[in-house]
Amino acid sequence: MDISVDLLINAIVAGLLLGGFYAAVTVGISISFGMLDIVNVAHPAFIILGSYIAYFINVNFGLDPIVASIIALPAFYALGALVYQVYYLSFEKRGQESLRGLAFFFGLMFVTEVSLILVFGVDYRYVKAAYIGPSIHIGLIDMPLRMLVPCLAALALFGVLELFVSRTFLGRAVMGVSQDQLALQLMAADPIRIKRIAFGISIATASIAGALLIIIQPIEPSVGREYIGRVFAICVLGGLGSMPGTLIAAMLLGVVESLTSTFYGPSWAPAVAFGVLLLTLAFRPAGLLGR
Amino acid sequence: MGVVKFSTVTIGVGLLVLAFAHWLKLDYFYFAGYTILQFIVLATAWNILGGYCGYVNFGSAAFFALGAYSSVFMYKFYPLPVPVLVVIGAVVSGIVGFGMGYLTLRLRGAFFAIATLALAVVLQTLVVNWDYVGGSRGAYIVSPDTVDIAGFQINYIEYLFGLMLALALIALATARTIERSQLGFGFGSIRDDEIAAEASGVPTLRLKLIATTLSGAFMGMAGAPFPYYIGYLQPSSAFGLEYTVNSIAMPMIGGTTGWVGPLVGSILLGSLQQIATVTISSAVNLLIVGLLLVAFVIIAPNGLVGLAQEYLRPRRQR
Amino acid sequence: MTPLLHVDNISKRFYGFVALDGIDLEVHPGERLGLIGPNGSGKSTLVNCICGTLQNEDGTVYFDGKSLDGLAAHQRTRRGLARSFQLPRPFHSMTLADNLRIPLLYTVHARMGPLRSVGDLDAHCLELLDMFGLAKKAKQLPRHLTQVEMRKLELARAMAAEPKLLIADESMAGLSHSEIDDILALLMRLNERGISIILIEHIMSAVMKFSQRLAVLVSGKKVADGKPEDVVRDPEVVRAYLGQ
Chain A
67 MDISVDLLIN
77 AIVAGLLLGG
87 FYAAVTVGIS
97 ISFGMLDIVN
107 VAHPAFIILG
117 SYIAYFINVN
127 FGLDPIVASI
137 IALPAFYALG
147 ALVYQVYYLS
157 FEKRGQESLR
167 GLAFFFGLMF
177 VTEVSLILVF
187 GVDYRYVKAA
197 YIGPSIHIGL
207 IDMPLRMLVP
217 CLAALALFGV
227 LELFVSRTFL
237 GRAVMGVSQD
247 QLALQLMAAD
257 PIRIKRIAFG
267 ISIATASIAG
277 ALLIIIQPIE
287 PSVGREYIGR
297 VFAICVLGGL
307 GSMPGTLIAA
317 MLLGVVESLT
327 STFYGPSWAP
337 AVAFGVLLLT
347 LAFRPAGLLG
357 R
Chain B
-10 MGVVKFSTVT
0 IGVGLLVLAF
10 AHWLKLDYFY
20 FAGYTILQFI
30 VLATAWNILG
40 GYCGYVNFGS
50 AAFFALGAYS
60 SVFMYKFYPL
70 PVPVLVVIGA
80 VVSGIVGFGM
90 GYLTLRLRGA
100 FFAIATLALA
110 VVLQTLVVNW
120 DYVGGSRGAY
130 IVSPDTVDIA
140 GFQINYIEYL
150 FGLMLALALI
160 ALATARTIER
170 SQLGFGFGSI
180 RDDEIAAEAS
190 GVPTLRLKLI
200 ATTLSGAFMG
210 MAGAPFPYYI
220 GYLQPSSAFG
230 LEYTVNSIAM
240 PMIGGTTGWV
250 GPLVGSILLG
260 SLQQIATVTI
270 SSAVNLLIVG
280 LLLVAFVIIA
290 PNGLVGLAQE
300 YLRPRRQR
Chain C
6 MTPLLHVDNI
16 SKRFYGFVAL
26 DGIDLEVHPG
36 ERLGLIGPNG
46 SGKSTLVNCI
56 CGTLQNEDGT
66 VYFDGKSLDG
76 LAAHQRTRRG
86 LARSFQLPRP
96 FHSMTLADNL
106 RIPLLYTVHA
116 RMGPLRSVGD
126 LDAHCLELLD
136 MFGLAKKAKQ
146 LPRHLTQVEM
156 RKLELARAMA
166 AEPKLLIADE
176 SMAGLSHSEI
186 DDILALLMRL
196 NERGISIILI
206 EHIMSAVMKF
216 SQRLAVLVSG
226 KKVADGKPED
236 VVRDPEVVRA
246 YLGQ
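Chains as they are written, first to last, in this note's numbering: chain A, 67 to 357; chain B, -10 to 307; chain C, 6 to 249.
It is possible that part of the hints are untrue.
[Unchecked claim] Which residues of chain C face chain B? A partial, calculated answer using Cβ under 7 angstroms:
{"#": "1", "residue": "R83"}
{"#": "2", "residue": "H97"}
{"#": "3", "residue": "R148"}
[Claimed, not checked] Below, in silico cross-link-like pairs of lysine to aspartate or glutamate (DMTMM-like), each with a Cα-Cα straight-line distance of 20 angstroms or less:
{"#": "4", "chain 1": "C", "residue 1": "K144", "chain 2": "C", "residue 2": "E154"}
{"#": "5", "chain 1": "C", "residue 1": "K144", "chain 2": "B", "residue 2": "E168"}
{"#": "6", "chain 1": "C", "residue 1": "K144", "chain 2": "B", "residue 2": "D181"}
Just so you know, these hints were derived from the structure itself, not from any lab.
Please read all numbers here as calculations on a predicted model, not as lab measurements.
Built from N, CA and C at the ideal position, the CB exists for glycine as well.
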């Protein structure tokens, strides 16, 4: 097959940009699943919720979607804290997590998606911003700004979280709670409160990820479901609880998807993530950098 | 009561329902009834893996659609009578269930659940890209007006209704038999504590594979007649959200520990949805199901059957 | 006499952390072996590797002369190797009788051939519960048991598999003196029936009373193995417990 170098390089670059965005989408699950061991399948639905809120603010107030998502951050944090509190009281405390916990999050995902259908309908929605449309050219490489900006924003988000986890007491407590709850209690930190904060942060990231999503592509309520496979594939491939691992895995998946899309057609993209997930689970369930 | 007695009662009930339906002469009853019977099969199938073993399947729609699309494929390739298609649907979905299980069941239950969620999306992508079965344009299935059974001319919808009724009864009987058998105990031990079960001599992987295969097979059986029922099959309807959410909500609301829960849940929720779809809208209807699921999971973890058992238990044992 | 259990140089690592480092251990038929060691020394990891819950990287476990390599935990149980769990793990939705029915169905009765009658099975469950003093609570759920009763249920469930070797993992932690004596007497009775027992414990008085031989694990290595009176005077053992 005669592969043009031009096409190949652009596919890889597009994949890396996409991967950066995927990392932002996944970081929330890295926290809730990787560190807190909570299988929040509703996360992609919350991301779509974030997209719609960014859309709403953008269309009605003319604000940039990323700015809109930052405004919405406190609300998403509160939502996360509330969801965790209900989860904790109903399931974690009683020790009945598995079946019912999963059903709970599935129910949340479902209710969120259907509510969005009722409020916004199933037509595709998109936002308007200065960087949607133009591209920059560097040699052979063509980078659409609508991909570059979200990627940079995603990396910034990642950087902020990494700093939070390594430099602040609260951040280190969050890492600690995933490894040794007893030690944390001995340090007079309330593990439940720490977990609630962590989960709140996890959902807050969905607000930002949602804004980035709607910059990259138009959305409608069921788009979230495509991301479930991707998000968990990245999490598992990167190794649960490892933030650097998540970033690397996200880039890897982005590149593989982009190459598949360019050479075999875009409709196969969702299948790639699933294939990656299955292969990882079958051969190296601890992931690339897992503990 | 023993297997023989239960089977006799079941067949008796089945014949009564058929006779009643025939006497009503209402086409709507057949259509609505078919849908509810379909849910009974799906809910019972889901519960074998979910309620008995504790492994959640989020991709019931995938297995259902596999059965439906196997029928579409056969229709284009070499038409066969619907009961044979049901068997084919069972085999196809059973094999996929087994495969999924084999790849993911050696890990945590959560990974199996996530994999099933992703499976639905991927299968839908595959079907949409497969023109032989219609792709995104859909496929038309032409079915006759009547069917010849033992010399009688039966209306096609009545025929399908009877078929689905038989499937529902078989599913219920299977679930009940499993529940009371050694297999049922094994499943329960896996649900309660898989590591302790393994240490007690229970071959957990083998039992889990049996559960996923059976569960998948029954879902495929429920899907096989669907193209003939609906006449025009699109991927979005075969992979519809309502199959996934209902196959989880009905057992969880009805009660997951026995065969009665899914039956109660399907009849109640199914009827509720038939009424809601006609009076309100189908999206609001699904929203209500979702909210009920969340509410029941939080408040009444043992479902309606659990609530009934609590209420009926003599005071001094509480 | 060939040992019943022969642990041959097994090692287990968790991503760079060495949990077990070349452990050799033998248990003879009918023997009572005590296994002690500070917290984190690898006792539970050793049990998990022997029983198949975890896979060891190097070395082999031999039981009854045959290698257990590649066998899943349930297969090892069927061969006669049973264990109780440090933190009791009962089947919480089933009655006590049903808790014992599971191992009976899947080991003993499986060995004896196709379906025994329900009556046989019920009688067997009750007999076993009676031996452990739990017969009165046969129809109750595990959540209604006291601490010591839970521990007994753990042991009863392990015994239901009719093992040749039983590993009792810290069954006495947190119990009162009389309760400890209760469990000890039970284990002695089981041993009198010919069952080899590995007792893993922190309670030294119980270990000394019970063991014919004592092995000590420190930081994943076996540092002593011999007569209990000799082992407790071994300077390396004393140092491990009292610190450097």
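Hints, one by one, checked against the model:
1. R83: holds, 5 angstroms
2. H97: holds, 5 angstroms
3. R148: Status violated, d = 12 angstroms.
4. K144(C) / E154(C): holds, 14 angstroms
5. K144(C) / E168(B): holds, 19 angstroms
6. K144(C) / D181(B): holds, 17 angstroms
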